[in-house]
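All chains should be modelled from the sequences, with the hints used to inform the complete structure.
Listed below are the residues making up each chain.
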Amino acid sequence: AQSVTQLGSHVSVSEGALVLLRCNYSSSVPPYLFWYVQYPNQGLQLLLKYTSAATLVKGINGFEAEFKKSETSFHLTKPSAHMSDAAEYFCASVNDYKLSFGAGTTVTVRA
Amino acid sequence: DTGVSQNPRHKITKRGQNVTFRCDPISEHNRLYWYRQTLGQGPEFLTYFQNEAQLEKSRLLSDRFSAERPKGSFSTLEIQRTEQGDSAMYLCASSLLDYPTDTQYFGPGTRLTVL
Chain F
2 AQSVTQLGSH VSVSEGALVL LRCNYSSSVP PYLFWYVQYP NQGLQLLLKY
52 TSAATLVKGI NGFEAEFKKS ETSFHLTKPS AHMSDAAEYF CASVNDYKLS
102 FGAGTTVTVR A
Chain Z
-18 DTGVSQNPRH KITKRGQNVT FRCDPISEHN RLYWYRQTLG QGPEFLTYFQ
32 NEAQLEKSRL LSDRFSAERP KGSFSTLEIQ RTEQGDSAMY LCASSLLDYP
82 TDTQYFGPGT RLTVL
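Heads up: the sequence lines are chains F and Z, in that order. Read in order, the letters of the first sequence correspond to residues 2 to 112 in my numbering. Read in order, the letters of the second sequence correspond to residues -18 to 96 in my numbering.
Check before you lean on any hint, since a few could be wrong.
Said to hold, decoys possible - List time: in silico DSS-like cross-link candidates among lysine-lysine, alpha-carbon distance up to 30 angstroms:
1) 52(Z) - -8(Z)
2) -8(Z) - 38(Z)
3) 99(F) - -8(Z)
4) 99(F) - 59(F)
5) 99(F) - 70(F)
6) 99(F) - 52(Z)
7) 70(F) - 50(F)
8) 38(Z) - 50(F)
9) 99(F) - 38(Z)
10) 70(F) - 59(F)
Hints are computed from structural coordinates only; laboratory data are not their basis. Owing to the predicted nature of the structure, the values given are computational and were not obtained by experimental measurement.
The structure is reproduced here in structure tokens:
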């Protein structure tokens, strides 16, 4: 079964700095991967998804992720952090249409 | 497209009581999912429906839990004889069945606190 591992439970960045959130997957077949964001006391909002059409996936709010098969990775990046990016981010894979989530990475943005 | 809605947003109950949550999916979506999220963790799959048929249940869904989607539209999740370990955020998601995979859109969740 496919699964994902998020490296780093907390990331702190300065406003305007690069945001890099790490996600590795384990799978023997091409995975379908997602990044979701969760603001405090809210549900999950889809940022972007990978379905093998392109290795570089652009999402909402300036985020993008690159699928690297050689590294089994699907890291999420944003060139310049904004205060509104403070939230929890989840990487997820799909198994028979069911999402399997990583433990999440909390992002804090310093002014 | 009004999004997925869930009611109530918050529920506080005493141990041993029954609770019921409701989820209204995006109108044209034929799949509906329930997940549970405990503090500091990612959501975990509980069950899902395609139209009114419940296709799969996780082993996390004990006999005290029951979910229905009677007319293939809204869904309810009932927990009987609640326990403190049931305290969590219960998330609903809906999707339009697609190949190779559909995209799930989440509601705001219902936060359950069992005292």
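Hints versus structure:
no., hint, result
1, 52(Z) - -8(Z), "25 angstroms, holds"
2, -8(Z) - 38(Z), "23 angstroms, holds"
3, 99(F) - -8(Z), "26 angstroms, holds"
4, 99(F) - 59(F), "23 angstroms, holds"
5, 99(F) - 70(F), "22 angstroms, holds"
6, 99(F) - 52(Z), "22 angstroms, holds"
7, 70(F) - 50(F), "15 angstroms, holds"
8, 38(Z) - 50(F), "25 angstroms, holds"
9, 99(F) - 38(Z), "11 angstroms, holds"
10, 70(F) - 59(F), "18 angstroms, holds"
Of the hints listed earlier, there is not a single one the structure fails to meet.
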